[in-house]
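When you get a sec, could you build the whole thing from the sequences and use the hints?
Next come the chains, spelled out residue by residue.
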Amino acid sequence: MKAKFLVPLILFIALAGFLAFGLTLNPREVPSPLIDKPAPGFSLARLDDPARPFALEEMKGQVWLLNVWASWCVACRQEHPLLVRMAQQKIVPVVGLNYKEVRGDGAINARGMALETETALAIERARRWLSDHGDPYVLSVLDIDGRVGIDFGVYGVPETFLIDGEGRIRYKHIGPITPESLQQVILPKIEEVRRAG
Amino acid sequence: MRVDVFVKLSRGLALAALLAATFPAAAQRTAAEPGAAPTVAADPQLEADVMELSHKLRCLVCQNQSIAESNAPLAVDLREQVREQLASGRSKGEVVDYLVARYGDFVLYEPPFKATTLLLWGGPVMLLVGGAGWLAWRLRRRAGELAAMDGLSEAERRRARDLLAGDAKPSSSESPESRS
Chain A
1 MKAKFLVPLI LFIALAGFLA FGLTLNPREV PSPLIDKPAP GFSLARLDDP ARPFALEEMK
61 GQVWLLNVWA SWCVACRQEH PLLVRMAQQK IVPVVGLNYK EVRGDGAINA RGMALETETA
121 LAIERARRWL SDHGDPYVLS VLDIDGRVGI DFGVYGVPET FLIDGEGRIR YKHIGPITPE
181 SLQQVILPKI EEVRRAG
Chain B
1 MRVDVFVKLS RGLALAALLA ATFPAAAQRT AAEPGAAPTV AADPQLEADV MELSHKLRCL
61 VCQNQSIAES NAPLAVDLRE QVREQLASGR SKGEVVDYLV ARYGDFVLYE PPFKATTLLL
121 WGGPVMLLVG GAGWLAWRLR RRAGELAAMD GLSEAERRRA RDLLAGDAKP SSSESPESRS
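Chains as they are written, first to last, in full-length UniProt numbering: chain A, 1 to 197; chain B, 1 to 180.
It is possible that part of the hints are untrue.
[Stated by the list, open to error] Straight line, CA to CA, 20 angstroms or less: simulated EDC-like cross-link-like pairs of lysine to aspartate or glutamate:
(1) LYS37(A) / ASP105(B)
(2) LYS172(A) / ASP105(B)
(3) LYS189(A) / GLU29(A)
Because the hints were derived from the structure by calculation, they are not lab data.
Here it is, written out as structure tokens:
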């Protein structure tokens, strides 16, 4: 009975605790419902040889990363040196998904552009960017209209998916890969998936 | 409901008119290119359905806007998907399932009722029931306290009756001197 005056204080502290915890969460990171589900199938033109399509099944049996990138994406520049270093060390094969190379660039008005013109421009821009910044990808594919991006639930660039030997998505990294996230999350995840597979 | 759709439709038309006025080139392009997907469906009923559904779907880039309100490239793409799929005869439920499968429940402004959202949906009901229960308990306890306080002796009752009748001598505490 005596401690009754403490009740509002305790309620306040509990509420403050919940709110403080809420501040540590990142609302921009929306958990993907695709984790542990088969990666959506696709067949897209390769950047190195646009006449040749690349399908998801070609990576069967390998643990690999699908990295969503674009030359207009500023944050991609931030993670790119890390990807290049990973490629040099041959840690894991990385396939690039070039996402809306032309129409995603706010500086270009791609409305009304013929698909062939847009594709040609995308190839030119993407190749130039890779030769400028280094090409860490075993190959890149062109998602001109972003449809495959939607199938993967991409809502920003860069995003990186870890896919196992059976073609299932095992992890999704949202935003640029940092040395910390690579060491603490992505590499351990790759190890885990490799051991399991 | 009818009015709601009407408001949304007129809002959409006003927006389309505004866009056409601001970007005459864009309007011409749609007309000039029969192959390109139009930004507004020709069938007004379909367009109304698209807008109605779009208002219920969250844009993941600018999270406090629906894909109907947002002009983020992803919202435009998703609106286009909704339009395309509804036009191809899919039901609204199927289109919603398509988006939830890719972006999760977060894409819905109205979260579904399931085990993980039990507290979310049940919380207000629990608060209401709990609060009402607490209030009822307090009222009953106070009624009991009041009843217990009615413990006058026979002498006090007699004196109260006399006071009410007006022929009793005032007690010392009620003397005019102490009242001033």
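Taking the hints in turn, this is what the structure says about them:
1. LYS37(A) / ASP105(B): Holds, because 16 angstroms separates the two Cα atoms, which is no more than 20 angstroms.
2. LYS172(A) / ASP105(B): holds (17 angstroms)
3. LYS189(A) / GLU29(A): holds (18 angstroms)
Violation of the numbered hints given earlier is absent; every hint is satisfied by the structure.
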